[in-house]
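One line per chain: the protein sequences are A and B, in this order.
One gets my numbering by counting positions in the first sequence from 1 and adding 2 to each.
One gets my numbering by counting positions in the second sequence from 1 and adding 2 to each.
Hints should not be assumed to be uniformly reliable.
As the list makes no split between identical chains, a pair holds if one copy fits it or if it spans any two.
Unchecked claim - List of simulated lysine to any residue pairs, SDA-like, C-alpha gap at most 25 Å: (1) Lys74 - Asn45; (2) Lys33 - Lys321; (3) Lys17 - Val115; (4) Lys236 - Val124; (5) Lys159 - Met22; (6) Lys19 - Asn117.
Think of the hints as simulated: they come from the structure by calculation, not from any bench.
2 protein chains.
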Amino acid sequence: MSDHECTTLEEASEKLKLGMRIMIREGSSEKNLDALIPLADDNNFKRCFFVVDDRNCADLLVDGDVDAVIRKAISAGIDPIRAIQMATINTAEYFRLEGHGAIAPGYRANLIVLNDIENLEVSQVFYEGCLVAERGEMIEPLSRISNMDLTHSVKIKSFEIQDLMIAAISSAAPVIGIVPDQIITKRRDEKPKIENNYIIPDVERDLLKLIVMERHRATGNIGRTFVKGFGLKKGALASSIAHDSHNIIAVGTNDQDIFIAINELERLQGGLVITAGGRILGSLALPVAGLLSEEPLQNVVQRLEELHKIAASLGCGLKSPFATLSFLALPVIPELRLTDKGLVDVNRFELI
Amino acid sequence: MSDHECTTLEEASEKLKLGMRIMIREGSSEKNLDALIPLADDNNFKRCFFVVDDRNCADLLVDGDVDAVIRKAISAGIDPIRAIQMATINTAEYFRLEGHGAIAPGYRANLIVLNDIENLEVSQVFYEGCLVAERGEMIEPLSRISNMDLTHSVKIKSFEIQDLMIAAISSAAPVIGIVPDQIITKRRDEKPKIENNYIIPDVERDLLKLIVMERHRATGNIGRTFVKGFGLKKGALASSIAHDSHNIIAVGTNDQDIFIAINELERLQGGLVITAGGRILGSLALPVAGLLSEEPLQNVVQRLEELHKIAASLGCGLKSPFATLSFLALPVIPELRLTDKGLVDVNRFELI
């Protein structure tokens with residue numbers, strides 16, 4: 003019914019003609035607005051709308067969320083009213099969100115007041131008719147707006163360090179190969195480094211251990227494989243952000259640091275953790291669903307930058323190592339991914 | 003959420019701004035396209051669509067159905083593709099008719115093939131992928147297309163002629179006053195003509211008896227009153243078309259002819275009947291739901307014209323007496339209407 007993965011005008015136009023709605027995406031890495039915005043002409047704009055897909059907290063702080071996409075669309079020549087419609091009523095109608103997407107009788111009074119429509123400078127935010135933020139400052143604490151408790155979501159079955167080990171059963175093993183600056187991965191078949199009948203990480207060849215552990219219902223499911231591309235010389239990274247199931251995912255040069263990192267994640271009830279030499283070097287707690295923080299955005303961005311520096315100091319050459327890590331569990335994009343049920347050959351849609 | 007009763011651009015524009023969809027109506031009597039079509043500009047056309055509301059069979063034969071509205075919109079300057087969208091996908095999306103309104107994968111193959119897009123000249127009709135009509139002729143019989151049995155819908159409780167009588171309980175009685183060429187009625191309070199303690203029709207003053215009899219579940223509900231404006235000098239008209247409940251409605255100069263007409267309607271299982279002097283002068287059977295015929299449209303139109311002539315010969319001065327009759331049961335339009343539960347003061351939304 004819709005697609006948020008169109009990257010060329012031809013592709014989006016073909017899908018539109020076949021009856022699909024086009025989600026024009028501006029994520030932190032995938033940016034499709036410039037290519038797709040010519041589609042949103044007088045005839046078709048009602049069937050197009052804006053999404054961000056993955057947008058990291060630093061971009062939220064500096065550029066904004068969907069509001070940033072509206073600004074970019076206006077800069078690209080879209081009428082401001084129409085750009086706002088594409089981010090509000092079009093989206094609400096597609097998802098059948100009754101009472102959302104417009105200012106009208108019978109609709110919820112979730113509103114923003116703008117100083118300036120061209121730059122979409124937000125002056126006030128109303129939630130269900132009440133002023134909750136003004137000039138960038140919250141007036142109401144979040145807890146007074148929503149009393150849904152989404153914390154305490156990390157539920158893992160008790161495990162031993164031995165549960166992370168991989169028995170050597172073959173002279174070649176599939177390894178997830180990271181492609182720098184791309185979301186796809188490549189399958190590599192590498193000769194494993196074996197010790198006492200177990201495959202172990204090979205830091206020389208950048209073959210690091212990758213673990214995915216189920217964390218919603220404490221099933222004890224653990225997926226194990228190797229990944230090439232992180233470049234860590236020591237230590238481990240672990241995260242409770244892992245698309246789309248958001249289990250725990252961890253990469254490391256040794257089981258001990260992975261073990262400590264996962265246990266720290268459980269204690270924090272979600273977040274990002276870096277360990278090395280048996281010690282926790284840094285962390286960012288994300289206690290809301292294991293995905294979000296209630297801290298001010300500035301603090302979160304600053305903490306994430308610190309973690310990036312720590313990862314770099316351990317040898318990791320990736321710009322956003324936790325973002326890269328989070329996508330290694332996404333079993334819908336080629337070629338090889340790891341889930342809590344094991345390694346997935348996405349080209350064949352099969353567990354290996 | 004929507005309105006099909008807008009008659010001025012100002013009204014329609016106001017409703018559009020308040021979040022409503024605008025149904026642009028072209029019925030047999032109410033024609034709003036010329037007034038409302040400027041609303042369907044580049045920004046708003048997706049929130050407007052075409053309806054016919056009430057369109058009689060003669061107009062269906064000569065002008066067409068919603069196709070006639072599309073042709074008129076094209077004549078008014080709307081791009082043909084957009085005019086077709088307003089009659090298809092816009093309607094389907096508003097009513098959430100999944101799989102309808104477009105030619106695309108996942109949609110039903112209910113299609114028309116046009117010789118000429120400007121005049122919307124239909125060459126072929128496909129239903130669920132099969133050619134069912136070509137150049138105005140059915141290829142498949144209707145029964146092979148739909149096996150839903152919608153006949154035998156007229157179920158009335160056995161009644162006597164005495165059940166149509168109205169006891170005289172007051173020296174004034176409310177009478178439905180027909181306003182020529184308008185759908186509204188006026189309340190008139192007339193001194194009733196009384197005989198043996200019953201109010202009887204007064205042909206001299208054109209005060210005729212009006213009956214509405216429940217016909218879906220044989221409840222025995224009968225509404226009785228008087229109406230001024232038909233001008234019949236003798237006989238009765240009865241119909242199983244009576245908006246919106248479509249009970250039986252009958253008007254007459256005497257109970258005997260009304261009684262015979264209603265009984266004939268039951269025998270026909272719906273339709274239109276004219277009686278006079280205890281005899282059936284003419285009828286049109288509408289056995290499908292008591293509303294439609296399976297006969298060719300030409301035959302239906304011809305038969306209706308014959309009935310109009312018979313009604314005129316009995317003194318009825320109305321152009322479409324059965325259409326006028328059908329609206330007397332519609333209890334949502336001022337001022338006075340008759341239902342099977344009695345007379346309704348629509349201004350006060352109360353039974354009298």
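Consistency of the hints with the structure:
no.: 1; hint: Lys74 - Asn45; verdict: both (21 Å within a copy, 20 Å between copies)
no.: 2; hint: Lys33 - Lys321; verdict: within (17 Å within a copy, 65 Å between copies)
no.: 3; hint: Lys17 - Val115; verdict: between (35 Å within a copy, 23 Å between copies)
no.: 4; hint: Lys236 - Val124; verdict: neither (45 Å within a copy, 74 Å between copies)
no.: 5; hint: Lys159 - Met22; verdict: neither (42 Å within a copy, 52 Å between copies)
no.: 6; hint: Lys19 - Asn117; verdict: between (38 Å within a copy, 22 Å between copies)
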